[in-house]
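K.L.:
Protein chains in written order, with this note's numbering: chain A, 133 to 395; chain B, 3 to 567.
These are computed hints drawn from the structure, not numbers from a lab. The beta-carbon is built from N, C-alpha and C at its ideal position, and this holds for glycine as well. Treat the hints with caution; some may be incorrect.
Unchecked claim - Where chain A lies over chain B, by a calculated footprint (3+ residues, C-beta under 8 Å):
| no. | segment |
| --- | --- |
| 1 | 37-51 |
| 2 | 54-68 |
| 3 | 274-280 |
| 4 | 372-385 |
| 5 | 528-542 |
To be verified - In the DMTMM-like style, the derived pairs of lysine to aspartate or glutamate whose C-alpha atoms are separated by at most 25 Å in a straight line are:
| no. | chain 1 | residue 1 | chain 2 | residue 2 |
| --- | --- | --- | --- | --- |
| 6 | B | 76 | A | 324 |
| 7 | B | 185 | B | 148 |
| 8 | B | 71 | A | 189 |
| 9 | A | 376 | B | 215 |
| 10 | A | 266 | B | 38 |
| 11 | A | 366 | B | 215 |
Said to hold, decoys possible - Listed below are several chain B residues computed to face chain A (Cβ distance under 8 Å; list not exhaustive):
| no. | residue |
| --- | --- |
| 12 | 9 |
| 13 | 27 |
| 14 | 31 |
Each chain is listed here by its residues.
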Amino acid sequence: MQQQEIHRFLERFFVSNECEILEKTADSLKVQLTIELDKLLMNRPFYWHYLEKTGAEPNPMTLTLYTGQGQPADSSGEFIHFGSPRLHQIFSSTKKLASFIRMYESVPHSGINIALNPWLCINVKISYQCDRKKDMIHSYGIHLINGIIEENFHEKLQTIRLSKRIPDYCYTLSPLIKPVSGLKRLENMIIEKIHEDDHSWAEDARMRWAEDEELLNRFYEDIEEKPEYYYGEKEALQTQYEPKITVSIINGGLFYLANSQKG
Amino acid sequence: MNIDINFQRDWHDQFLKRIDDDGPWANWELYNLALEAERHLSIPEFLGLQAPKHLPQLTFLPHQLEVAKTVIEKMNGKAILADEVGLGKTIEAGLIIKEYMIRGLAQKVLILVPASLVLQWTTELNQKFFIPAVAQKKSYVWEQCDIVVSSIDTAKRQPHRDIVLNQDYDIIVIDEAHKLKNKATKNYEFVQHLKKKFCLLLTATPVQNKVDEIFNLVSLLKPGHLGNQENFDKDFRNDKYSLKNEEKLKDLVNKVMIRNRREETGLNWPKRYVQSIPITLSESERLLYDKITELKKLPYLNRSKFSVITLQREVCSSREAAFLTIKNMLEKSEGNAFPDQILVSIMKLIENVTQNSKAQKALELIQSIDDKVIIFTEYRATQLFLQWFLQQHGISSVPFRGGFKRSKKDYMTHLFKNHAQVLIATEAGGEGINLQFCQHIINYDLPWNPMRIEQRIGRIHRIGQQGDVHIYNFATKDTIEEHILNLLYNKINLFESVIGELDEILTKFELRNIENYISDILINSESEGEIRVKMDNLASLINYEGGIKQKGWEEHAAARDSSFS
């Protein structure tokens, strides 16, 4: 992640959280936190607890962040880069704040009533893990009436104007497939796709595992009663090498879109 | 292929609840940002390093990145890191820990280091790597903190031991791991019982050449890699000290050990300029030295001959150093090597010494250098005297001793860096003291163990040194110092040899106690001539057997320069 990208990300993050940007240059940002973001980012539970008890006027902090080299020596601002704990805190706060969504296509008003089709979208992370690791991110949407599943759904959403509220003269079609079943169908499809994938990585890991276990067994082959740490070591080899796949949902939600072909 | 798939469903319930409750729903921009953030954090490939882009403020050297890659991709996270001193083993370990953490393959990490380095490791991991390491102080830390730095001595003692052995660690790092070479020790047994997925053993001392040590260390890391004791002995052991099938063993060891040498790193190391500074004793100093030398001829035990050598060395350093020893001898009254009247007469001669020729020379040198200088001496008394002496001439200095606490060492380093011209040290100060902002070292007196000289120079001749390094070796003419300097400097080329080579040579030929060889020669020789012949023999033994390269330091540097351009 480049420094300008980070700068852009931070600005979008604070603006969409309704923080006022007090000062802004190409590589710095001074923001007035809202009460909610202060609680989320500034780690001062005692202050907020005290305010609740006394009912005093809340005074959320301002935050100054630098993404370039131009940080003045006397400033109390923080330098933000891809590894900085603050950025990772903001990343995980973003995820926390935006796990679930419901949006409507904002169809231009043409005088006739328009039906909006229900879609369920999930953005998932699939991790292949042994003693190494690799992640893949996919976005799927399922049409909750006809059951069609679309890949790269999130990318497609980018081409559509969306709004939080249902536009005038629009109405939503009721889903025939319940969200919980939709999720189940998506899950089955994802698992099927995983099974079709190339898993030589797992075979290789099992081979490495077998090699190490073989060595370990040789080490203790002449010992009748194996010591406790032989079993400990064996277990550790399993946690180290055993191939595992994890699927987790980053975020997702309901999207009501005008044309079912479009989704 | 049958692989366990874990589909996490905790999202489902919350989502369904929000449908029922009609919200709350996220805003579109944040929703997009959350996915973008996750894209940035996801690991695109099994191979390669993610950590460097998380640490843009650190510049890694090519060999450090290579080590991290090799350990993770070829050694499956179990390795002995045996780079020569100064190449950044701590950085390599930090990089590997960080990489595993970023990939989500490590959460619980235990770092066992010498007690004096606990704080330094903790600070470095936090500040350089943003790894939230905690120094173990209270016993709840083991369970509540994910990344703990502790000394092995604390960890292995109750009540800690049971708690520590109960944790499932993802990574175990052990600094100064060569101390675990003996499997009969409590430390070894303790480490053997630790549960670990990944493991890094850090050592600057190469172990290739000791049969048992190598077997024990590798077996701790990866039991069975070298077979069990029985088939190891059959395959590789010749006798107690020597090996057979050395090439095969080396290949095996190299699968779990990485050792970078300075000259292989391709870095442009600063040059070393070594200069001998001969010093002529003043008349009164000469008289004192000769009188002490004569004591050797007295018909006493060997023990007293050793005392003579000690006194000779001290006189070469300062009269204060010798004075202290003689005063102690007088106070001890009984069991002394020499009768009191002889000691008293020497005391008189000490009082008659009016100047310190070496200190005079040091003063001139420091004034002409007009920059930071480190003076190393073997004696506390000399250290104190020098501090006083330099102060008399308006030169500020700070003392430095091995016994200082870590915080005091850091403070003295800070004072030296910012406020004083001279640092007067009685020893190299141990691992982790970096004085690379200084370019001049005066070896006021020379230790007899070549490794200690190497450590001295290593404090400033390291990564981060911007200029060339100047080393001034003081030696008083026609004294034992001259013999030592001749041996170390002229005969075995110590100062020009490549760092690390000497260590291996001395280990290989059991010459670690080279000090004993030297004092043996000095004690048991009848004449100056005999000393010279025996010293020559020792030198040629080291040179012949060990083969210290006769190439000079500058030549090494030049070779590197040209390969760079």
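K.L.:
Are residue 266/A and residue 38/B close enough, with their CA atoms no more than 25 Å apart?
P.N.:
holds (17 Å)
K.L.:
According to a criterion of three or more residues whose C-beta lies within less than 8 Å of a C-beta of chain A, is the segment 528-542 of chain B covered?
P.N.:
violated (count 0)
K.L.:
Holds or violated: residue 71/B and residue 189/A, Cα atoms, limit 25 Å.
P.N.:
Between residue 71/B and residue 189/A the Cα gap is close to 54 Å, so the pair fails against 25 Å, i.e. violated.
K.L.:
Are there at least three residues in the segment 372-385 of chain B whose beta carbon sits under 8 Å from a beta carbon of chain A?
P.N.:
violated (count 0)
K.L.:
With a cut-off of 25 Å on the C-alpha distance, tell me whether residue 366/A and residue 215/B pass.
P.N.:
Roughly 24 Å between the alpha carbons, so the hint for residue 366/A and residue 215/B holds.
K.L.:
Taking beta carbons only, do three or more residues of the segment 274-280 of chain B come closer than 8 Å to chain A?
P.N.:
violated (count 0)
K.L.:
Hint check: is the beta carbon of residue 31/B less than 8 Å from a beta carbon of chain A?
P.N.:
Constraint on residue 31/B satisfied, holds at 4 Å.
K.L.:
Does residue 148/B lie within 25 Å of residue 185/B when you go C-alpha to C-alpha?
P.N.:
violated (28 Å)
K.L.:
Hey, residue 76/B versus residue 324/A, does the alpha-carbon distance stay inside 25 Å?
P.N.:
Roughly 32 Å separates the two Cα atoms, so the pair is violated.
K.L.:
Straight-line Cα separation of residue 376/A and residue 215/B no greater than 25 Å?
P.N.:
violated (37 Å)
K.L.:
For the segment 54-68 of chain B, count the residues whose Cβ lies under 8 Å from any Cβ of chain A; is that count three or more?
P.N.:
n = 5 at 8 Å, threshold three: holds.
K.L.:
For the segment 37-51 of chain B, do three or more residues have a beta carbon lying closer than 8 Å to a beta carbon of chain A?
P.N.:
As far as the segment 37-51 of chain B goes, the hint holds, because 13 residues have Cβ atoms under 8 Å from chain A.
Comparing the model with each numbered hint stated earlier shows that hints 3, 4, 5, 6, 7, 8, 9 do not hold.
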